[in-house]
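**Student:** Sequence lines, in order, name chains A and B.
For reference, each letter of the first sequence is one residue, going 25 to 181 in our numbering.
For reference, each letter of the second sequence is one residue, going 7 to 157 in our numbering.
Keep in mind that the hints were calculated from the coordinates and are not lab data.
Quick reminder that beta carbons are idealized off the backbone N, C-alpha and C, glycines included.
Warning: the hint list may mix true and false statements.
As the list claims (entries may be wrong) - Rough simulated footprint, nothing fancy, chain A against chain B, three-plus residues with beta-carbon under 8 Å: (1) 12 to 18; (2) 32 to 46.
Unchecked claim - Have a look at the derived ranges for each label pair, beta carbon to beta carbon: (3) A:Arg173 - B:Asp105: 41 to 51 Å; (4) A:Arg112 - B:Asp51: 10 to 20 Å; (5) A:Glu160 - B:Glu130: 29 to 39 Å; (6) B:Glu107 - A:Thr39: 42 to 52 Å; (7) A:Arg173 - B:Phe125: 35 to 45 Å; (8) A:Arg112 - B:Val36: 21 to 31 Å; (9) B:Ala21 - A:Thr29: 20 to 30 Å; (10) A:Asp80 - B:Phe106: 24 to 34 Å; (11) A:Arg167 - B:Asp105: 48 to 58 Å; (12) A:Lys147 - B:Phe106: 28 to 38 Å; (13) A:Gly79 - B:Ile57: 45 to 55 Å; (14) A:Gly129 - B:Gly144: 43 to 53 Å; (15) A:Tyr142 - B:Val146: 36 to 46 Å.
To be verified - Only pairs whose alpha carbons sit at most 30 Å apart, straight line, appear in this in silico DSSO-like list of lysine-lysine: (16) A:Lys60 - B:Lys110; (17) A:Lys144 - A:Lys74; (18) B:Lys89 - A:Lys60; (19) A:Lys144 - B:Lys56; (20) A:Lys137 - A:Lys152.
If you want the building blocks of each chain, they are given just below.
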Amino acid sequence: MADKTKIGTEFPPYTFEVEKGKIAEFAMAISQKESKDQVKPIYWDSAAAKAAGYGDIVPPPTFQTCFALWGGGGLMPILQALGINLGRLLHGEEEYEYLTPIHPGDIMKGQSKVVNMYDKEKKDKPGKFMEFTVLETEIKNQRGELVIRARTTLVER
Amino acid sequence: MTTVITYNSINVGDAMPIFTSDPVTRTHMVRYAGASGDFNPLHHDDTFVKIFGMPRVISHGMLIMGITGRAVTEWIDDKYIRKFGVRFAGMTEPVDLHDFENTKQRATITVTGKVVEKFEEAGEKRIRCEIQAADGLGAVKITGTFVAALP
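In isolation and in its complexed conformation, chain A is listed as follows (with noise of 0.2 Å):
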């Protein structure tokens, strides 16, 4: 059963510096591509960007999953505070709000605490539980602006 006595848990707090670099890797990743020039160009020219009506180069709308991972311990501390076993993980849902525009330069900080945790009946196997831990993560930037509000579901099976 999950161990609700974690709820209100809050982990260390991670800085990440946003780097015209990391945005044009990851969004050749999502794409799918082997060159940047086969990206939308407000990912990696900052000139396209401000033609387009950005402040400057934008990173696609799920980069911030590398402020934790680059910038953080990562997942696996979270997950050994929560006792939460690596073999029966599921990442279950992600959801973002996006508050404020990122660019490069930009130096972002996230914090995660836990907000729920429940547990669901397995319905092929009466009396035994799936177990779900809401995480949700604020990310500000350099200026104390609110930049994204990110909400993450993991699951036990």
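On the provided structure of chain A, position chain B as indicated by the hints.
**Tutor:** Frame of chain A; chain B shown alone:
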């Protein structure tokens, strides 16, 4: 380039253009591992997944979400996206290059979606769309929604 879609020109029930990915290869997954920093061996090491009795590595769910996000932003410019959320419904196995024709369908992601709501929020004219990503065999990988503020 994407064409500018306006709030007044779009209606509930309108479909987003169907997007089809390239068949996901192990090389795509390695590139995504490096870009994202997610080096869980589940996504690149065949000897690791054998411990769990799995026949082959599986894609990062977040790569499939990334591909889904690309489908969305090929249609509506990135700057208009306000919310994007998905539920992961199934795992994706990469194409086997030595057996390409027989395995490409399971690794090819098709993203579809439609407008389900038009509303005003935070002083903006917004649409909510339901989206789905499925492979070439019809197995659903992702269901989700996004919200965009339109001019």
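**Student:** Next, verify each hint and record whether it holds.
**Tutor:** Hint-by-hint comparison with the structure:
no., hint, verdict
1, 12 to 18, "violated (count 0)"
2, 32 to 46, "holds (count 8)"
3, A:Arg173 - B:Asp105: 41 to 51 Å, "holds, 43 Å"
4, A:Arg112 - B:Asp51: 10 to 20 Å, "holds, 19 Å"
5, A:Glu160 - B:Glu130: 29 to 39 Å, "violated, 23 Å"
6, B:Glu107 - A:Thr39: 42 to 52 Å, "holds, 47 Å"
7, A:Arg173 - B:Phe125: 35 to 45 Å, "violated, 19 Å"
8, A:Arg112 - B:Val36: 21 to 31 Å, "holds, 25 Å"
9, B:Ala21 - A:Thr29: 20 to 30 Å, "violated, 46 Å"
10, A:Asp80 - B:Phe106: 24 to 34 Å, "violated, 40 Å"
11, A:Arg167 - B:Asp105: 48 to 58 Å, "holds, 52 Å"
12, A:Lys147 - B:Phe106: 28 to 38 Å, "holds, 37 Å"
13, A:Gly79 - B:Ile57: 45 to 55 Å, "holds, 47 Å"
14, A:Gly129 - B:Gly144: 43 to 53 Å, "holds, 44 Å"
15, A:Tyr142 - B:Val146: 36 to 46 Å, "violated, 24 Å"
16, A:Lys60 - B:Lys110, "holds, 25 Å"
17, A:Lys144 - A:Lys74, "violated, 48 Å"
18, B:Lys89 - A:Lys60, "holds, 26 Å"
19, A:Lys144 - B:Lys56, "holds, 29 Å"
20, A:Lys137 - A:Lys152, "holds, 27 Å"
Hint compliance for this structure: hints 1, 5, 7, 9, 10, 15 and 17 are not met, and every other hint is.
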